[in-house]
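Asks: Spelled out from the first residue to the last, the chains are:
2 protein chains.
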Amino acid sequence: REYQGAPTGTDIECEGWRQEAALRMLNNNLDPEVAEKPEELVVYGGTGRAARSWDAYDAILAELRELGDDETLLVQSGKPVGVFQTREESPRVLIANSNLVGRWDSWEHFHELEAKGLIMYGQMTAGSWAYIGTQGIIQGTYETLAELARQHYPDNDGLRGKTVVTAGLGGMGGAQPLAVTMNHGVCIAAEVDEERIDRRIETGYCMAKTDDLDEAIERAEEAAEAGEPFSIGVHMNAADMFDGLREHGWVPDVVTDQTSAHDELEGYYPSGYTVEEADELRERDPETYVEESMDTMERHVDGILRLQDEGAIAFEYGNNIRGQVEDHRNREDAFDFPGFVPAYIRPLFCRGKGPFRWAALSGDPADIHRTDEAVLELFPEKDHLRRWIELAREQVHFQGLPSRVCWLGYQAGDDPDGLTERARFALRINELVADGEIQAPVVVTRDHLDAGSVASPNRETEAMRDGSDAVADWPILNALLNTAAGADIVSVHDGGGVGIGNSLHTNNHVVLDGSEQAAETAKRVFTTDPGMGVVRHADAGYEEALAEARESDVRVPMRDRGESNR
Amino acid sequence: REYQGAPTGTDIECEGWRQEAALRMLNNNLDPEVAEKPEELVVYGGTGRAARSWDAYDAILAELRELGDDETLLVQSGKPVGVFQTREESPRVLIANSNLVGRWDSWEHFHELEAKGLIMYGQMTAGSWAYIGTQGIIQGTYETLAELARQHYPDNDGLRGKTVVTAGLGGMGGAQPLAVTMNHGVCIAAEVDEERIDRRIETGYCMAKTDDLDEAIERAEEAAEAGEPFSIGVHMNAADMFDGLREHGWVPDVVTDQTSAHDELEGYYPSGYTVEEADELRERDPETYVEESMDTMERHVDGILRLQDEGAIAFEYGNNIRGQVEDHRNREDAFDFPGFVPAYIRPLFCRGKGPFRWAALSGDPADIHRTDEAVLELFPEKDHLRRWIELAREQVHFQGLPSRVCWLGYQAGDDPDGLTERARFALRINELVADGEIQAPVVVTRDHLDAGSVASPNRETEAMRDGSDAVADWPILNALLNTAAGADIVSVHDGGGVGIGNSLHTNNHVVLDGSEQAAETAKRVFTTDPGMGVVRHADAGYEEALAEARESDVRVPMRDRGESNR
Ligand SMILES: NC(=O)c1ccc[n+]([C@@H]2O[C@H](COP(=O)([O-])OP(=O)(O)OC[C@H]3O[C@@H](n4cnc5c(N)ncnc54)[C@H](O)[C@@H]3O)[C@@H](O)[C@H]2O)c1
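As they're listed, the protein sequences go chains U and D. Using the numbering used here, you'd call the opening residue of the first sequence number 1116 and step up by one each time. Using the numbering used here, you'd call the opening residue of the second sequence number 1116 and step up by one each time.
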């Protein structure tokens, strides 16, 4: 099936821009520039799909084209299953993907259902139509590495002169080399699939490639010594790379990983096979595949642990490689290196900060450039934000619909009108649309990895202060509240990032079409959504969140009443 | 702590009736007439609670008293955790109870969190403030038996002249004799605990008792021949009763069971002991108790299977006796008789029918009597409904706020305006409130066991035609859609009925205060909510649901487009 990406321009096929935005975002997720395997409806993250089947995709589009301004389309694991009259102010699309009753909430049962055509893996932003290519993750990776540098090398200029070893140059992992070089560092990244490396080079995310690890180390050392940003993809299996590093006796400054280790069958590649050979093995003998894949993964984790022992800063980058090796190989020491959230992201979550993103439905880069200016005009005091926007303008290529990501928070205490950072910016975009400075509506959405939207004990809620890592009431309340506040699309997914049964998380979209109603919705949604992040972390006892609630007037009932929390 | 139940009358403590309704329903759940252990906040079903702690309860009440008409209170496992501005048309309260990420979704992890004060078991209607005492179960049992009669004796007047053999006259099972006689049938129920039989006789739920099985059979046959409703408790162990029936060579028309077989130690009684002797054995030697209990249970299932072979209609009534005998005695044939949902309830669910209930916030029984009349006026052609309402008026005592249960469905095809049964009735109540014929607002809610609101593979979604038993996207979509449609309270719970990790389900409340806005909300919610039941079963391929969708104009996208479902 040929695939073209999102329609652009100012003419619409649907009854209104809110439906049109859903249609364009779904198609944008499948843009060949954005999706990893659009022909299979796979957007990113192993098998994260945007729709269950092409029939389901066609039916979703047909429903969106007819959907009235007070109707809501229901999508169950990538298939449209109902249309009901709600209200104009209600979401136009409600989505639930790959959710299973707890006792059956495993890949095993998921695969049984998938084989029957009853379910779809939505990952995080794939099944909720919010993926925007590698540019989405780039800022998260940039922020994480910047925070790492701040913590470990406080007097250094970011990662200048430092080396980072990682693996996986897929949909999200492909952002790593660029995020390292944006922080002035040097990156070596193992990737089994040569085409993936080529793609990162073409799009400017990675600078060089080689099959020869020794060459990679040499060039990396040279660049680090010279203090020059540099990145190189090494065409080999990650586990083999770690063996090679040991033989070479070389230890980088930082080590992490973004192979799709969360899925040992469809995401991770076993050592000893080319990609083609492995793909063939997976078809022919999935059990052997899984065994070999897990053997490789165990060696991979051993490699990370060894480098940590020898002085590298190690962290897991949210692909559940620790959980996988603990589970399938009984290796409790797999968790001896930390996850990136407790290490670098949680302090941001306490302030309601998270990966806010927006896309220009016109398809015109000028619209995003106008929003770049707007964000700098609005927050002139934030140097860090300025640097990000400037780097992104220079170095981040648009893929599919022009879009931008930028971490914004609650932090209403800074604003004379008591509006959150997210709301202030969304309202400003809405004005620009209303004034015609931006040609067509802009849709604002976010990653599922956000302050108040996820329960994921191996990643976003790892090691919560009160032990509430696995409590999933929070993402459910977040989805209900987003719906109550009138977001245009609301979704709830199981298993994004860390695999089926390991997480529950939500997402929202708000279409800024310049109308008064859009302004109202934006004001509410971009208060309640980051607000959930503040109350969730306040409830867990984080001082930063309690401070944020105080400074920004967020109501936290039992704290406000001075009653005991329990 | 002394506990009084719900405030009544027409003066309110809150800013509006929607907040007041939440406050009264929460208190009604804890009415000593309604709750099992109000002093521990336990409402029913083992440890199903209405609030996490008395501090949390006080804080919920305080928040409800202050809550504005465009604010929404968030309750996380029985504790108020946030208040946000939404819209007037949004829910006033959003609740998520005992939800856990799949892999941690077990009693074991739940109990760890509970010990830390981080979570609460909400059962189904306890934590969502919708429990109304035992009248809920009578109607369910009545409907199940009525449906059985419709299926197996289509030309008969209900169960007239038919005999039903069962066991267990406890908290819920005690409703069985009355539900049989309300359907004009004859019931023999074995019960080891004589006091339980006496209690059912005192409260009018059972007519007679005996120690002599022959006497019971004789009186039952006489009554059946005469076409007279009759019920008799037989003071003996169920397994022994089945042996006696074999010796006697007598086969009833229907056989089921409601002993607490789900718990072989604390619920089920082994044969060969009086209750006192068994209680003593349990204390002294629990292992022997369990062995003997399981031996008895296996004989019990053998008895049911034998009667089925000899022509009786057999079904399990949700006490997991089949699962127990399969698990502990390796008897796969234990599942050779069906559960009650696939057998009798699912055809109702396909039509969007489910246990609709409503409570008079005035506290005045006259208000419920007026609704009883209204439902009869509205559906004069439904004899079955008339009989239920008339019987309930006579025989079912009010507990706490006067209330009523009545199964209503989608079935908009019957109405000239295309309104669903539920919407028609809710709109009529709203008019009566507006006209002052009912003194104070009425709140309409339902059980979580409803057509489109639950995923529970051992009960409500057992043996779905397409194998989608464990898919939990449906209850999540149901909660989101209820929120989008503007229900006043929306809740999502894990584990009601069948225990943590075994189910996911939702509930809603709509406050009918006589306003135009309430009418709008009722019309939408009571269309979308049963509508989810229709689309969920249509998607699973049930012909009745597809027929309902056709007759009632429910949009089922992929069927309507004639595309393949998969
Ligand atoms: N819909 C449903 O899904 C549904 C509805 C009602 C009940 N149930 C199930 O039915 C069971 C009963 O519920 P309950 O609330 O009445 O429980 P309960 O514990 O209050 O009552 C059980 C009764 O069974 C009697 N009993 C136990 N073993 C016996 C034996 N071998 N022979 C004769 N009598 C025996 C006990 O003395 C007791 O009176 C539970 O397992 C419950 O989960 C399910």
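In short, the hints are calculated from the structure, not lab data. On a predicted model such as this, the values are computed, not experimentally measured, just so you know. Cβ atoms here follow ideal geometry from the backbone N, Cα and C, with glycine treated the same way. Please note that the accuracy of each hint is not assured.
Stated by the list, open to error - Per label pair, the in silico range of CB-to-CB distance:
1) U:P1401 <-> D:R1580: 54 to 62 Å
2) D:R1580 <-> U:Y1118: 29 to 37 Å
3) U:P1462 <-> D:E1447: 14 to 22 Å
Said to hold, decoys possible - Interface residues of chain U toward chain D, partial, derived using beta-carbon atoms under 7 Å:
4) L1176
5) G1183
6) V1196
7) H1226
8) E1229
9) A1230
10) K1231
11) I1504
12) L1506
13) A1507
14) A1578
15) G1629
16) S1630
17) A1634
18) P1672
19) M1673
Asks: Min Cβ distance, P1672 (chain U) to chain D: is it shorter than 7 Å?
Replies: 4 Å, holds
Asks: For the hint on H1226 (chain U), does the least C-beta distance to chain D fall short of 7 Å?
Replies: Given a least distance of 13 Å, the restraint on H1226 (chain U) is violated.
Asks: Hint check: is the beta carbon of M1673 (chain U) less than 7 Å from a beta carbon of chain D?
Replies: At about 5 Å, which falls below the 7 Å cut-off, the nearest Cβ of chain D leaves the hint on M1673 (chain U) intact, so it holds.
Asks: A closest beta-carbon separation below 7 Å is what the hint needs, so does S1630 (chain U) meet it against chain D?
Replies: 16 Å, violated
Asks: Restraint: G1629 (chain U) near chain D, CB-CB cut 7 Å. Satisfied or not?
Replies: 20 Å, violated
Asks: So, G1183 (chain U) near chain D? Judge it on the closest CB pair being under 7 Å.
Replies: Violated, about 11 Å.
Asks: Is the interface hint for A1230 (chain U) satisfied, with its Cβ closer than 7 Å to some Cβ of chain D?
Replies: With a minimum Cβ separation of about 10 Å from chain D (threshold 7 Å), the hint on A1230 (chain U) is violated.
Asks: Less than 7 Å between beta-carbons is the criterion; does L1506 (chain U) satisfy it with respect to chain D?
Replies: 35 Å, violated
Asks: Are I1504 (chain U) and chain D close enough, Cβ to Cβ, to be under 7 Å, as the hint says?
Replies: 30 Å, violated
Asks: Return the status of the interface hint for L1176 (chain U): holds when the least beta-carbon distance to chain D is below 7 Å, violated otherwise.
Replies: Constraint on L1176 (chain U) not satisfied, violated at 11 Å.
Asks: Per the CB criterion, is E1229 (chain U) less than 7 Å away from chain D?
Replies: Result: violated, 11 Å to nearest chain D Cβ.
Asks: Hold the hint about A1507 (chain U) up to the distance rule: shortest CB distance to chain D must be less than 7 Å.
Replies: 31 Å, violated
Hint compliance for this structure: hints 1, 3, 4, 5, 7, 8, 9, 11, 12, 13, 14, 15, 16, 17 are broken, all remaining hints hold.
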